[in-house]
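Listed below are the residues making up each chain.
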Amino acid sequence: MTAAKAKIVIGCTIILAIVLTAIFAPLVAPHDPYQQQVILRLKPPFWMTGGSLRFPLGTDSYGRDILSRLIFGSRLSILVGVASVVLSMLIGTTAGVLAGYVGGKTEEVIMRTVDAQTAFPDVLLAILFVAALGGSFLNLIVVLGISGWMVYARIMFGLTRSLRERPFVEAAVSFGGRSGYIMLRHILPQLVPVLTVVATLQVGQMILQEAALSFLGLGVPPPAATWGNILAEGRDRLFLAPWIANSAGIAIVVLVLTINIFGNGLREWLDPKS
Amino acid sequence: MLGYLWRRLRYLPVSLLLVLFVTFSVLRLTGNPVDIYLDMNRTPEQVEALTQKLHLDQPLIVQFGIYLRDVLKGDFGESLQFGVPALEVVLDRLGNTLELVAVALGLAVILGIAGGAVAALRRDRLADIVISFLAVLGQSMPSFWLGILLIQLFALRLGWLPTSGQGGLSHIVLPALTLAAYLIPNFILITRTGVIETSNEQFVVTARAKGIPPARVMLVHVLPNTLNPILSFLGLQLGKLIGGSIITESIFAWPGIGRLMVSSIFQRDIPVVIAAICIMCVAIVLANLLVDVALSMLDPRIREA
Numbered sequence: 019m020t021a022a023k024a025k026i027v028i029g030c031t032i033i034l035a036i037v038l039t040a041i042f043a044p045l046v047a048p049h050d051p052y053q054q055q056v057i058l059r060l061k062p063p064f065w066m067t068g069g070s071l072r073f074p075l076g077t078d079s080y081g082r083d084i085l086s087r088l089i090f091g092s093r094l095s096i097l098v099g100v101a102s103v104v105l106s107m108l109i110g111t112t113a114g115v116l117a118g119y120v121g122g123k124t125e126e127v128i129m130r131t132v133d134a135q136t137a138f139p140d141v142l143l144a145i146l147f148v149a150a151l152g153g154s155f156l157n158l159i160v161v162l163g164i165s166g167w168m169v170y171a172r173i174m175f176g177l178t179r180s181l182r183e184r185p186f187v188e189a190a191v192s193f194g195g196r197s198g199y200i201m202l203r204h205i206l207p208q209l210v211p212v213l214t215v216v217a218t219l220q221v222g223q224m225i226l227q228e229a230a231l232s233f234l235g236l237g238v239p240p241p242a243a244t245w246g247n248i249l250a251e252g253r254d255r256l257f258l259a260p261w262i263a264n265s266a267g268i269a270i271v272v273l274v275l276t277i278n279i280f281g282n283g284l285r286e287w288l289d290p291k292s
Numbered sequence: 013m014l015g016y017l018w019r020r021l022r023y024l025p026v027s028l029l030l031v032l033f034v035t036f037s038v039l040r041l042t043g044n045p046v047d048i049y050l051d052m053n054r055t056p057e058q059v060e061a062l063t064q065k066l067h068l069d070q071p072l073i074v075q076f077g078i079y080l081r082d083v084l085k086g087d088f089g090e091s092l093q094f095g096v097p098a099l100e101v102v103l104d105r106l107g108n109t110l111e112l113v114a115v116a117l118g119l120a121v122i123l124g125i126a127g128g129a130v131a132a133l134r135r136d137r138l139a140d141i142v143i144s145f146l147a148v149l150g151q152s153m154p155s156f157w158l159g160i161l162l163i164q165l166f167a168l169r170l171g172w173l174p175t176s177g178q179g180g181l182s183h184i185v186l187p188a189l190t191l192a193a194y195l196i197p198n199f200i201l202i203t204r205t206g207v208i209e210t211s212n213e214q215f216v217v218t219a220r221a222k223g224i225p226p227a228r229v230m231l232v233h234v235l236p237n238t239l240n241p242i243l244s245f246l247g248l249q250l251g252k253l254i255g256g257s258i259i260t261e262s263i264f265a266w267p268g269i270g271r272l273m274v275s276s277i278f279q280r281d282i283p284v285v286i287a288a289i290c291i292m293c294v295a296i297v298l299a300n301l302l303v304d305v306a307l308s309m310l311d312p313r314i315r316e317a
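Protein chains in written order, with this note's numbering: chain A, 19 to 292; chain B, 13 to 317.
The hints are simulated quantities; they were obtained by calculation from the structure and are not laboratory data.
Heads up, some of the hints might be wrong.
Just the calculated beta-carbon pair ranges, DEER-fashion [what the hints assert, rightly or not]:
| no. | chain 1 | residue 1 | chain 2 | residue 2 | range |
| --- | --- | --- | --- | --- | --- |
| 1 | A | V191 | B | V59 | 35 to 43 Å |
| 2 | B | P226 | A | Q208 | 48 to 56 Å |
| 3 | A | I28 | B | P225 | 16 to 24 Å |
| 4 | B | D87 | A | D50 | 17 to 25 Å |
| 5 | B | K65 | A | W287 | 39 to 47 Å |
| 6 | A | V191 | B | K65 | 55 to 63 Å |
| 7 | A | V46 | B | V59 | 45 to 53 Å |
| 8 | A | C30 | B | Q58 | 37 to 45 Å |
Far from chain A, some chain B residues (derived; all Cβ distances over 10 Å) [unchecked claim]:
| no. | residue |
| --- | --- |
| 9 | L30 |
| 10 | T35 |
| 11 | P56 |
| 12 | F94 |
| 13 | V121 |
| 14 | L123 |
| 15 | S152 |
| 16 | P154 |
| 17 | L170 |
| 18 | G251 |
| 19 | S262 |
| 20 | M273 |
| 21 | D304 |
No residue lacks a Cβ here, since even glycine has one placed at the ideal position from N, Cα and C.
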């Protein structure tokens with residue numbers, strides 16, 4: 019088995035396990051993630067003294083089971099990650115293919131917008147949106163989707179421009195194919211492999227962004243169980259209960275690292291040159 | 013040199029105009045400005061005053077013109093929580109943020125270049141493997157958790173450094189290190205590649221053949237050639253660095269612009285949020301300019317182009 023295939027298999031297995039856990043969260047989670055039991059607050063994980071297998075990763079300052087909160091939190095992370103990637107991929111690919119195929123003024127306007135927005139930090143954009151609209155599940159997807167489209171636009175622009183010169187596209191043009199048809203049926207299918215790789219890697223980045231925004235208090239507001247919220251709550255309890263922040267931190271790193279490994283494996287497999 | 017600077021400076025107003033246009037659009041087009049600026053307990057008088065102040069009864073394009081004029085005069089409105097001009101509140105905190113960013117940059121340059129150079133010199137040996145592994149790990153580590161880990165280790169477990177706040181030199185170490193972590197992994201990898209590539213160049217072989225001590229070859233002949241890609245990377249990452257400073261300041265309760273901005277959102281102090289965003293964008297544009305000028309001074313080829 020090549021290194022690329024090993025990465026894909028390992029990545030895929032872990033991601034599948036996490037996604038299944040997220041889907042079947044109510045069945046898998048040992049407790050209700052929102053149930054507060056103040057008598058059982060700040061219980062340590064089972065391997066520390068005073069911990070028990072009843073709360074495998076311990077409890078937070080309201081006595082809520084951390085493992086269950088992490089499991090339910092993965093739903094939001096994955097949903098926001100995937101949905102915002104789909105949104106930014108739609109915007110970015112449309113813009114990039116248009117700029118690359120049509121060229122001229124269209125290209126100038128689209129690509130200069132890409133340059134301008136790349137210089138503008140996406141956190142600032144997110145803060146602006148949250149200040150205006152408030153933090154919610156849908157707003158997060160929109161904000162992250164809008165802040166991430168430039169990556170796709172830039173890559174798709176370059177690829178489309180080189181595809182436009184290829185004989186099969188010229189043949190389609192000389193047959194009288196309309197621009198929209200050529201872009202959709204001849205150019206887009208060629209872009210799918212690269213799109214898959216970029217989108218996969220971006221899911222990891224978006225999950226990080228979502229966690230960062232929730233950590234700042236700009237995501238879905240508490241008591242919602244999100245990884246960023248758990249980390250932020252844990253930050254205030256570092257001395258008494260470091261396991262709260264650390265369990266969320268490890269969850270984020272594991273998921274993002276796995277997605278990166280899977281994405282890099284995909285890239286090596288689809289493009290043996292790199 | 014002056015001609016080059018002028019060519020670059022021309023874009024400055026365009027970038028700033030774009031930022032102002034975006035902030036204006038988001039604020040005026042996402043909902044009723046009255047709802048955004050004022051809370052639930054507003055009085056009709058407050059609504060009336062705000063309508064007057066923001067000229068909400070005028071067409072949007074006129075509103076944008078007035079907004080532009082006010083902002084150019086430095087008038088972002090009054091801070092709702094402090095009762096003084098919003099710009100004043102922000103500029104008050106600017107020094108703290110600049111201090112944090114400057115120390116972080118210094119740390120990143122020293123640790124990144126030293127790490128990369130060591131890794132390149134000990135290529136494929138233990139030191140290289142360890143440093144390269146740490147760099148790759150650092151790339152997938154969310155900075156907000158890294159900051160929390162640093163607090164646990166150095167502040168709570170070892171008790172060497174304070175957990176948060178601002179004070180003496182010891183207060184800035186952990187925040188600066190957390191912020192520097194955005195850059196260090198890439199600085200290491202870029203320097204490592206650069207040093208390995210440059211070491212095979214003829215001028216380096218010549219220098220070594222002349223009997224120049226290895227340390228001097230490294231410092232004078234090899235490392236200056238890696239500055240260019242590092243600076244270019246820094247220019248591309250300035251936005252991320254500013255975003256990172258917002259998170260870092262929040263973790264360590266560092267009284268800079270980022271923390272002010274986040275707390276102002278919760279206080280619904282929109283004028284301060286907007287002023288902070290604009291100041292940060294100006295800072296990014298200016299810093300980008302500085303990077304470009306530094307690049308062109310280091311590398312005559314860029315000036316000519």
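Results of checking the hints against the structure:
1. A/V191 - B/V59: 35 to 43 Å: Because 58 Å falls outside the window, the suggested range is violated.
2. B/P226 - A/Q208: 48 to 56 Å: Holds - the Cβ-Cβ distance for B/P226 and A/Q208, about 50 Å, lies within 48 to 56 Å.
3. A/I28 - B/P225: 16 to 24 Å: Hint violated: Cβ distance 47 Å, outside 16 to 24 Å.
4. B/D87 - A/D50: 17 to 25 Å: violated (51 Å)
5. B/K65 - A/W287: 39 to 47 Å: violated (59 Å)
6. A/V191 - B/K65: 55 to 63 Å: holds (56 Å)
7. A/V46 - B/V59: 45 to 53 Å: Holds, at about 50 Å.
8. A/C30 - B/Q58: 37 to 45 Å: The hint (37 to 45 Å, Cβ to Cβ) is violated, given that A/C30 and B/Q58 are roughly 57 Å apart.
9. L30: Given that some Cβ of chain A is not farther than 10 Å from that of B/L30, nearest at about 5 Å, it is violated.
10. T35: With a cut-off of 10 Å, B/T35 comes too close to chain A, as the shortest Cβ separation is near 6 Å.
11. P56: Since the minimum Cβ distance to chain A is about 23 Å, B/P56 lies beyond 10 Å and the statement holds.
12. F94: Given that every Cβ of chain A is farther than 10 Å from that of B/F94, nearest at about 17 Å, it holds.
13. V121: Its Cβ never comes within 10 Å of chain A, the nearest being 21 Å, so this holds.
14. L123: holds (21 Å)
15. S152: violated (5 Å)
16. P154: Violated, because the least Cβ-Cβ distance between B/P154 and chain A comes to about 5 Å, which does not exceed 10 Å.
17. L170: Given a closest Cβ separation of 13 Å, the condition holds.
18. G251: Non-interface label fails for B/G251: nearest chain A Cβ at 4 Å, not farther than 10 Å.
19. S262: violated (6 Å)
20. M273: violated (6 Å)
21. D304: Holds, because the least Cβ-Cβ distance between B/D304 and chain A comes to about 12 Å, which exceeds 10 Å.
In summary, the numbered hints that this structure violates are 1, 3, 4, 5, 8, 9, 10, 15, 16, 18, 19, 20.
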